[in-house]
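A.B. asks: Protein chains in written order, with the working numbering: chain A, 1 to 336; chain B, 1 to 336.
Treat the hints with caution; some may be incorrect.
Note that the list lumps identical chains together, so a pair holds whenever it fits in one copy or between two copies.
Computed list of lysine to any residue pairs in SDA-like fashion (alpha-carbon distance at most 20 Å, straight line) [said to hold, decoys possible]:
| hint | residue 1 | residue 2 |
| --- | --- | --- |
| 1 | Lys84 | Asp260 |
| 2 | Lys226 | His259 |
| 3 | Lys226 | Glu285 |
| 4 | Lys306 | Gln205 |
| 5 | Lys306 | Gly207 |
| 6 | Lys181 | Pro88 |
| 7 | Lys41 | Leu103 |
Simulated from the structure, these hints should not be mistaken for lab results.
The structure presented is a predicted model; accordingly, all values stated were derived computationally and were not measured.
The lines below spell out each chain.
There are 2 protein chains.
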Amino acid sequence: MKFRPIERAGNCLRLIDQTRLPGELVFNEYDNHQDIIEAIKRLEVRGAPAIGISAAYALAIAAGRLSETEFSNEEVRRLGEEIKAARPTAVNLFWAIDRLLRLLPENSDGGQREVVPLLWQEAERIHEEDLLMCRRIGENGADLIASGDGILTHCNAGALATGGIGTALAIMYICHEQGKKIRVYADETRPLLQGARLTAWELGQAGIDCTLICDNAAAVLMAQGKINHVIVGADRIADNGDAANKIGTYGVAVLARAHDIPFYVAAPMTTFDSGTESGQGIEIEQRSATEITEGFGVRTAPEGQKVYAPAFDVTPNGLITGFITDQGIRPGGRTA
Amino acid sequence: MKFRPIERAGNCLRLIDQTRLPGELVFNEYDNHQDIIEAIKRLEVRGAPAIGISAAYALAIAAGRLSETEFSNEEVRRLGEEIKAARPTAVNLFWAIDRLLRLLPENSDGGQREVVPLLWQEAERIHEEDLLMCRRIGENGADLIASGDGILTHCNAGALATGGIGTALAIMYICHEQGKKIRVYADETRPLLQGARLTAWELGQAGIDCTLICDNAAAVLMAQGKINHVIVGADRIADNGDAANKIGTYGVAVLARAHDIPFYVAAPMTTFDSGTESGQGIEIEQRSATEITEGFGVRTAPEGQKVYAPAFDVTPNGLITGFITDQGIRPGGRTA
Numbered sequence: 001m002k003f004r005p006i007e008r009a010g011n012c013l014r015l016i017d018q019t020r021l022p023g024e025l026v027f028n029e030y031d032n033h034q035d036i037i038e039a040i041k042r043l044e045v046r047g048a049p050a051i052g053i054s055a056a057y058a059l060a061i062a063a064g065r066l067s068e069t070e071f072s073n074e075e076v077r078r079l080g081e082e083i084k085a086a087r088p089t090a091v092n093l094f095w096a097i098d099r100l101l102r103l104l105p106e107n108s109d110g111g112q113r114e115v116v117p118l119l120w121q122e123a124e125r126i127h128e129e130d131l132l133m134c135r136r137i138g139e140n141g142a143d144l145i146a147s148g149d150g151i152l153t154h155c156n157a158g159a160l161a162t163g164g165i166g167t168a169l170a171i172m173y174i175c176h177e178q179g180k181k182i183r184v185y186a187d188e189t190r191p192l193l194q195g196a197r198l199t200a201w202e203l204g205q206a207g208i209d210c211t212l213i214c215d216n217a218a219a220v221l222m223a224q225g226k227i228n229h230v231i232v233g234a235d236r237i238a239d240n241g242d243a244a245n246k247i248g249t250y251g252v253a254v255l256a257r258a259h260d261i262p263f264y265v266a267a268p269m270t271t272f273d274s275g276t277e278s279g280q281g282i283e284i285e286q287r288s289a290t291e292i293t294e295g296f297g298v299r300t301a302p303e304g305q306k307v308y309a310p311a312f313d314v315t316p317n318g319l320i321t322g323f324i325t326d327q328g329i330r331p332g333g334r335t336a
Numbered sequence: 001m002k003f004r005p006i007e008r009a010g011n012c013l014r015l016i017d018q019t020r021l022p023g024e025l026v027f028n029e030y031d032n033h034q035d036i037i038e039a040i041k042r043l044e045v046r047g048a049p050a051i052g053i054s055a056a057y058a059l060a061i062a063a064g065r066l067s068e069t070e071f072s073n074e075e076v077r078r079l080g081e082e083i084k085a086a087r088p089t090a091v092n093l094f095w096a097i098d099r100l101l102r103l104l105p106e107n108s109d110g111g112q113r114e115v116v117p118l119l120w121q122e123a124e125r126i127h128e129e130d131l132l133m134c135r136r137i138g139e140n141g142a143d144l145i146a147s148g149d150g151i152l153t154h155c156n157a158g159a160l161a162t163g164g165i166g167t168a169l170a171i172m173y174i175c176h177e178q179g180k181k182i183r184v185y186a187d188e189t190r191p192l193l194q195g196a197r198l199t200a201w202e203l204g205q206a207g208i209d210c211t212l213i214c215d216n217a218a219a220v221l222m223a224q225g226k227i228n229h230v231i232v233g234a235d236r237i238a239d240n241g242d243a244a245n246k247i248g249t250y251g252v253a254v255l256a257r258a259h260d261i262p263f264y265v266a267a268p269m270t271t272f273d274s275g276t277e278s279g280q281g282i283e284i285e286q287r288s289a290t291e292i293t294e295g296f297g298v299r300t301a302p303e304g305q306k307v308y309a310p311a312f313d314v315t316p317n318g319l320i321t322g323f324i325t326d327q328g329i330r331p332g333g334r335t336a
């Protein structure tokens with residue numbers, strides 16, 4: 001990557017403002033957790049792993065800013081819960097905060113000077129681990145891809161969504177490194193066009209052949225035989241293998257099965273949530289109607305139009321050929 | 001309808017500029033065929049029946065503007081061919097022009113004073129017939145719908161696409177007249193958002209319950225059991241029942257079958273093209289990349305991004321439950 005979407009900068013967190021891509025490459029520096037929560041809410045940073053990493057840094061920053069008298073384990077836990085409430089679907093957010101909170105000493109408040117460096121260290125560790133996990137996902141997935149293959153992806157599960165080279169897109173980066181000629185088709189991914197704004201941009205920066213399509217053109221490309229694999233990321237994978245991901249993923253999975261095209265979910269093991277039995281237990285965030293009716297500042301629907309605007313949907317395990325993880329490929333529930 | 005999207009105004013054609021809906025209700029008056037061709041190309045008027053009607057008026061206008069010395073049957077035929085070249089997919093365009101051209105006397109040039117009124121009369125007849133056909137489609141289709149049903153539609157096959165109350169939407173208007181409570185889900189229909197800008201607007205004007213969704217949210221609504229029927233229009237139906245319609249229709253048809261939801265194509269018999277054997281013979285218009293990358297004036301993809309931008313796709317007859325026409329319901333090829 002020519003850029004680092006997430007970076008520690010002293011006692012601050014520096015993020016690429018992804019809402020301004022691809023027009024402008026703007027970095028924002030945050031020195032307090034409230035602004036990072038806002039950045040997560042407005043999708044300046046998005047993607048399950050990237051949200052987790054940013055949240056971990058946010059907690060370290062928040063704990064460091066407490067005065068000595070304010071500081072207590074209880075207060076750090078409260079701050080953790082505040083950060084966890086930023087968005088409801090991505091499990092990495094909860095996982096990362098919980099991992100930091102486990103460092104708090106059991107029976108004493110330890111003291112700020114002891115705890116805050118531990119939180120920073122753990123946040124950096126989460127970040128570094130993610131970088132490695134991305135690479136492993138890429139290597140594991142690349143084995144499935146032959147030179148000349150066409151790959152469809154939905155939304156952005158790339159460097160901009162993680163601490164490394166992405167999950168679904170990691171596979172494409174590794175294929176490219178290996179000299180395999182791949183053709184990527186990027187669903188633009190309405191309403192917020194992460195495919196157009198982020199995936200097409202990332203892959204373009206890397207020199208990977210990428211064709212942008214409207215979401216509703218995926219089916220006809222499948223029928224034309226242009227797509228050999230579908231690979232997407234995930235925001236949370238339930239214990240039974242049901243996977244929540246960007247709205248539209250479920251439809252792509254149904255279409256892939258109908259066209260006999262393998263459908264893979266690429267995600268680190270940290271996206272698997274053993275605490276959620278099935279997809280029915282995954283809370284689906286509803287977004288504002290204006291993301292659909294006034295996308296990018298132009299009103300394109302009647303005033304007051306009623307909309308249905310889920311941010312995610314759940315793809316049942318039965319539609320998933322396999323999970324490409326940092327620990328290898330796990331079979332999904334799709335049998336044909 | 002509270003508005004007439006297409007209207008003869010003296011020797012001019014008056015059109016609602018559909019590119020400016022729903023923000024502004026602007027009528028443009030055209031006194032020459034070149035401007036009408038441009039209006040068709042830039043989708044100021046769109047929808048197979050509406051294009052046919054506008055083209056017929058355009059030919060009457062063009063023939064009327066010829067000087068006495070310029071006028072000949074050959075010249076009128078040439079003008080007809082010029083108008084036919086406006087867009088390649090909708091069969092009604094060719095059908096309407098051919099219908100007018102058949103009025104030219106066989107062995108003489110007849111004379112402008114005789115021919116031009118015949119062309120105007122035939123254009124008005126096509127317009128009036130379309131109005132009636134829309135109503136019949138609506139009545140035939142309404143028999144399939146029960147109060148409480150949810151109906152998904154794609155693009156705009158409404159009053160704005162025809163000379164009457166539409167094709168797919170005619171069914172919803174008639175249901176509404178009959179007092180059936182229906183819930184309509186309108187695919188926004190990328191890239192040009194005819195669902196958001198036109199269908200949601202039309203149905204809102206009529207007081208019909210309409211929820212706007214991103215195209216990629218249709219599948220999850222189907223899985224939730226919210227959709228009882230899918231009804232779409234068509235730009236051309238081949239002899240074997242393959243139907244060309246707005247890009248995305250094919251995917252919706254695949255999803256409908258996967259969820260056991262009936263999929264209907266609503267169209268007048270004039271949209272059936274016995275001259276085209278199968279969907280493979282239907283030319284699919286490719287649109288400009290900027291409709292995807294710079295929709296509504298805002299660039300949302302990298303500069304120079306490669307895109308695939310077909311305006312239409314073809315749904316094989318095997319995915320179609322039935323055709324709702326002005327002459328009754330014809331079975332499609334879908335058996336389950």
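A.B. asks: So which of those numbered hints doesn't the model satisfy?
C.D. replies: 1, 6, 7
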